[in-house]
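> Listed here are the chains, written in short residue letters.
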Amino acid sequence: MILELIVGYFSVVFAMFIHVLCFKRCVERKLDIKWFKILATLLVSVLIMLNNVFNIDFFKSIICFILIFILCKIWFNEANVKTFYYSVVISIISMFLEFLLINALFARTFNCLEAVNQSLTAKTTGTIIHNILVYLVINFEVVVRIIRKFENIIEKYLKYDILLLLILIISNLFLVQYGKNYESYSIYIASILSIVILSLLLYFLLKSNFAKENLKLKNQYLLDSIKKYEIIADDYSELRHNLNADFLAIRSLANTETQQIIDETIKKYDKNYDWIAKIGTIPKGLQGVLCIKIHEFKKENIYVELNTNIKEDIVNQISMKKYANLCEILEITLNNAKEAAKNSAEKSIFISILQEKKVIKIKIMNTFKNVIDIERLGKLHYTTKGNSHGIGLNYISRIDKKGLKIKTEIINNIFIISVEFSLNH
Amino acid sequence: MAKIVVVEDDDKDQETIQKVISPFLFKFDEPIKPIYYQRCNENLLKEIEDLSERKIYILDICLKGKITGISIALKIRENDWDSEIIFITNHTSYEQKVYNSVLKVFKFIEKFDNMEKRLSECLEMIFRKKVDNKIFAYKNSQIDLRVYMKDILYIYRDTNERKLVIKTTNNFFKVNMTFEEIMKKLDSRFKMIHRSCVANLDRINKYDWKAGKFVLDTGEEVPMLSKKYKEEVV
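Chains as they are written, first to last, in my numbering: chain F, 1 to 425; chain C, 1 to 234.
I should point out that these hints are in silico values taken from the structure, not numbers from a laboratory.
Across the chosen pairs, the derived CB separations fall in these ranges:
| no. | chain 1 | residue 1 | chain 2 | residue 2 | range |
| --- | --- | --- | --- | --- | --- |
| 1 | F | 345 | C | 185 | 25 to 35 Å |
| 2 | C | 114 | F | 319 | 49 to 59 Å |
| 3 | C | 79 | F | 289 | 19 to 29 Å |
| 4 | F | 217 | C | 144 | 42 to 52 Å |
| 5 | F | 207 | C | 81 | 53 to 63 Å |
| 6 | C | 81 | F | 258 | 36 to 46 Å |
| 7 | F | 263 | C | 160 | 48 to 58 Å |
| 8 | C | 114 | F | 289 | 38 to 48 Å |
| 9 | C | 82 | F | 289 | 27 to 37 Å |
| 10 | C | 18 | F | 261 | 32 to 42 Å |
| 11 | C | 144 | F | 301 | 27 to 37 Å |
| 12 | F | 291 | C | 196 | 47 to 57 Å |
| 13 | C | 141 | F | 258 | 56 to 66 Å |
| 14 | C | 158 | F | 299 | 27 to 37 Å |
Keeping only pairs whose Cα atoms sit at most 30 Å apart, straight-line, the calculated DSSO-like set for lysine-lysine is:
| no. | chain 1 | residue 1 | chain 2 | residue 2 |
| --- | --- | --- | --- | --- |
| 15 | F | 149 | F | 218 |
| 16 | F | 267 | C | 117 |
| 17 | F | 267 | F | 298 |
| 18 | F | 363 | F | 342 |
| 19 | C | 46 | F | 407 |
| 20 | F | 342 | C | 134 |
| 21 | F | 405 | C | 185 |
Glycine is no exception: its CB is placed at the ideal position from the N, C-alpha and C atoms.
Work out the full structure, taking the sequences as your base and the hints as a guide.
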């Protein structure tokens, strides 16, 4: 009996050290061996043994886990959430392997689980094999990489910690249940499947959240870059303004020949980049559509003027449906504007996005040179652009009633589409 | 009362403009009030939205910050096509042609090229000239059409589609109207010169009654002139 207790105790000590080694592998820390840590391990092992012998089945795993958590905290003093996460994951892996080991090695292969339970040597050997197996699995680079990958998400969201703990408790309950009915193949399959399914569910949940977090992070970097870019663009704008003024002050004092050189120099560097400086003020979500379109306009040698005063993030203040409609209208209108403007003498498009209180007013003005049938404009398949066109304006007129006020005008040689919508509903 | 609205961020230039404007304030029967801004602000926006008075805007194109003189002009032209816009610019550029046509800019004046004299001449012209901003307006369920009458060259009947075609300096607009209906919307400068054509007499340079054609100030020859309507024209 005493021998059994001593051997059992040392196998628990061995299991605890393996757990500490697995934890070390996960958190990539050095094993700083100190006397108090070893003493703590020995003490925790005693407590785990007592827990295994005297506690009721349901609380065994929870108490055992708390003790392991305290041990890892003593050894590495990592943040609580981090310690919790790695301790739970190692415990779940350990439990899963124990399941496989009991069934594959003793119950199914040798059909001798009862005998193993009676034999001290067999039990100790089983514990040692099981713990070495856990250590080997955790030492696989792929496994440890996957475990580490989700650390940040687990640290951030409490719900995943709770889910992990639940999986641990459920797995343990299955294990206890199976320990009592080790001959029942159905309990075994159900237990394994439940643990695998729950773990996979959590894995995919974490994976999708990981992707979302990654995207959020990338967006944050992008937004930071835009902010930095806006500051640079502002500086550039002011510098250009001052430089131009200085240049022209010099020009007024220069002779005709020098004046010509100055004029040519100004012309050479006078690129219409003002719109780029204003992109930061365009509401998020419309920036993409507008940037692409303006780039297309530039390729067609179309002059673009952009005027905005938006300060709020409007995308979060309107419904998704209205937002989708708005993007669609912008896309169609800007395409139409491009086609019309590129044939006109002035080749110009003016885009104005203004906010007046809670109303956003978008106005797209473009020059054109066409024969326009005022009566058929906006009717299906009527186009001034040739075949395969003539759907845009008609489509826009049908969107009209869905929370967006759209007005089409022609003033002299300018085609104007105004889109108005409220941020309140 | 007329207002001269100046937007100029450079103190020196604003002072110069002020000097140019001063003599005009009491020169004409019409009272003139100058207002000065250094940048686009709430008050300027309110001023732009107030259409009760005739205005002359003097705008510096290159203002410090994101709102340029062009942006202000665009805002003005959202509702106001009657006020005159004069741009003060550092140098001439390709865009001027664009703005001139699209925003109906009265003049571009270079800061370093006799600005005082040229600005004074412009203001003189604006205050003395007969303002002709009459507009022909047509509306259907889809679109509002507004064209300066001075920009309409002639109107003819498209016999195939049985529609009237309004020919302007740059475009053609087809509308479902009769000559009788359209004449009611136009002023006296428009006369019937052919049974299928109404022309803007202010834009015709030459009548060739013999050949049955007229020549516009754009150089275009239109073969739709009938002796039957000679009396009306002459």
